[in-house]
Amino acid sequence: MKGKVIGFDSRTGTGAIEGEDGLRYEFSGTEWRSVIRPESGVPVDFHPEGQMAQAIFPVQAPAAARVGDGFSWWAFYFSFRGRTTRKPYWLYLILPVFVISILLTLLDVGLGTYNAETGAGCSADCSLWPQSGPASRSAP
Numbered sequence: 001m002k003g004k005v006i007g008f009d010s011r012t013g014t015g016a017i018e019g020e021d022g023l024r025y026e027f028s029g030t031e032w033r034s035v036i037r038p039e040s041g042v043p044v045d046f047h048p049e050g051q052m053a054q055a056i057f058p059v060q061a062p063a064a065a066r067v068g069d070g071f072s073w074w075a076f077y078f079s080f081r082g083r084t085t086r087k088p089y090w091l092y093l094i095l096p097v098f099v100i101s102i103l104l105t106l107l108d109v110g111l112g113t114y115n116a117e118t119g120a121g122c123s124a125d126c127s128l129w130p131q132s133g134p135a136s137r138s139a140p
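Counted from 1, the sequence shown has number 82 at position 82 by this note's numbering; the numbering is strictly sequential.
No incorrect hints appear here.
Restraint ranges, calculated between C-beta atoms of paired labels, are given here:
1. L111 - R37: 47 to 57 Å
2. Y92 - E26: 37 to 47 Å
3. R33 - P88: 21 to 31 Å
4. Q60 - T12: 24 to 34 Å
5. L95 - E20: 37 to 47 Å
6. G13 - R86: 21 to 31 Å
7. E49 - Y92: 38 to 48 Å
8. D9 - P48: 18 to 28 Å
9. A120 - S28: 56 to 66 Å
10. G50 - T85: 33 to 43 Å
11. G41 - Y89: 25 to 35 Å
12. Y89 - T12: 33 to 43 Å
Worth flagging that the hints you see were computed from the coordinates, not collected in a lab. C-beta atoms are modelled at their ideal positions from N, C-alpha and C, and glycine is treated no differently.
Please construct the entire structure, taking both the sequences and the accompanying hints into account.
Listed below in C-alpha cells is the structure:
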C-alpha cells in the first residue's frame with residue numbers, strides 16, 4: 001500500500017504513516033528499509049498488518065522531478081557531518097590531487113624548472129596542499 005509519513009520520533013524509534021485508504025498506521029524504526037531517515041511528508045510503500053506498517057520503503061520521485069540530488073563539491077569539501085566512504089574519497093579527493101600533481105610536474109618540465117634528482121620543481125609545493133593541513137595540526 002502507498003502512504004505518507006506523518007511523523008517519526010528518533011528517541012523512541014517509532015512513527016506513523018497515513019495510508020492511501022485514509023487510516024493511520026504505526027511503525028517501528030526497524031521496519032524502515034532505507035538509509036535515509038524517515039521524515040514527515042515522505043511518500044512510502046508499505047505492507048499493512050492490522051494497525052502496524054511493515055516493510056516500509058520510501059518511494060523515489062521520478063528522475064525529472066528530483067532536484068539537487070547530484071554531487072556537490074562544496075558539500076564534499078566543507079561539510080563536517082558524518083564520514084566519507086571510499087568512493088568519494090578516492091574519486092573526489094585523491095584523484096584530483098594526483099591529476100593536479102601530474103599536470104604541475106609537466107608544467108615544471110615544460111618551464112625547465114623541474115629537478116630530476118630531487119623530483120621537485122617550482123610547483124611541487126602546490127601539489128602537497130592536502131597533506132599540509134594534517135601535518136601542521138599534529139605537531140606538538
